[in-house]
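First residue of the sequence shown? That's 591 in the numbering used here, and the numbers climb one at a time after it.
Check the hints yourself; a few may be wrong.
Stated by the list, open to error - List of simulated lysine-lysine pairs, DSSO-like, C-alpha gap at most 27 Å: (1) Lys749 to Lys648; (2) Lys859 to Lys839; (3) Lys962 to Lys947; (4) Lys817 to Lys751; (5) Lys818 to Lys749.
By construction, these hints were calculated from the structure, which means they are not laboratory data.
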Amino acid sequence: MFTGRTQELERLEGLYASGRSSIIVLYGRSGIGKTALARRFSQGKNAVYYAARRVTAKEQLFCMKHEWKAEAATDFYDALTDLYTSCEAEGKLVLILDEFRNLLEDSPDFLTAFLRFYAEHHGDGTVMVLLLSSSIAWVENEMTAVLGNAARLLQGFIKLKEFSFMELAGYHKNSSVQDNIYTGAVLGGVPAYLRLWRENESFRENVIRLFLSEDAPLFSEAEYYLKKDLRELSAYNAILAALAQGKNKLNDIYAQTGFSRAKISVYLKNLTELDCTEKLFSFDTSEQGSVQKGLYRIREPFLRFWYRFVYPNLSEIALGRGVQVYETAIAPYLTGYIREAFSTVCGEYLQVMNQYKRLNGQYGNFGVWYGKLGTIDVVAKTEDGALLAGFCECDANKTALPVLERYEMVLESAGIHPNEWYCFSMCGFTPEFEKAAAERGINLVCAKDM
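With the sequences and hints as input, model every part of the structure.
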């Protein structure tokens, strides 16, 4: 099932209809839906798809000739020309080259042949080329150097990111808001993983089936994903495991791993370039002395879940004790783990409300405040300095009045006096909390009503 990607499709359609030939780089982590997007865009068009292999140049040419029915071709230029000639009468050619990095690295003659071919059609508007890649770091840091002067021919880059919560909910339409929050906390917004989730099964059943046996589809997925772009997986495993355990400061990671701080910084930089980790920056307020500084976290929910719950229990899972792992090592800690995902959803909810002018002000800057006394999950500011604050609670019980007192203490430490205040709860609020919130003008939102 295809869902979302509206903006990306509109951009591709605009380039296609421009009357000019174009080359677009479409990239993102594996499983993010690049091929699905290209397939949807190319429906009803004169499109040809080719999946580049990691093979020798001779074998690559053999595969192209076979798929394109260009058996008489003697080189890559001939193959491209024969392909164009064979389908020229059907209209503008959309040529999709998947994992095109393989073509550049394993078949050095391909780039010269491709540029010669494209130069012949650059001015006639008869060719649109989509270059797909799963290597984020390579596209963003190395690709233009490999292309050299040819990089100037690129009309643009489209980076596919994980589904937002709204897109995830559109993908799993039969699930409740709470169920989708839990699903997103485990799989993130990666379409290839979401396809594996069964809406007619419970959260417990899905996690056990997908992760907690040696032949489970996602049992080894995290390491497989990282191996494609990273060497020294042992070091990255140690750092990600530390982050998953809440060691989110450089000194904490140093104490856990024994690696030098310089080495940790380099590895975190590499992980950040792959969108696996991120450094957290607190929303700027006047009380910077109360801020938690230098914090890191695993950005992608799937990796966060895998290193938090699967990695520490690999031996038990391999011994066939996956159910016991769920009951003793996952279920008791889910509420705390889910909170981060719920906080992200609440932030997205307020940004959508802001987009449709459903808030009291028009906010242009959203963030999170990380303080020594606690976190303000959503902070936003208008151009004239008005502030919005949002707090999220994920407990299995209704949010009670003492929590409100904690919120007020955190706001005071941050030096924030919000003009607009929201409180979110996974399971609702006690009558005492509702009464106190009404007196203070606080907006209350329960997850099921989002």
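Comparing the hints with the structure gives:
no., hint, verdict
1, Lys749 to Lys648, "violated, 31 Å"
2, Lys859 to Lys839, "holds, 14 Å"
3, Lys962 to Lys947, "violated, 33 Å"
4, Lys817 to Lys751, "holds, 20 Å"
5, Lys818 to Lys749, "holds, 18 Å"
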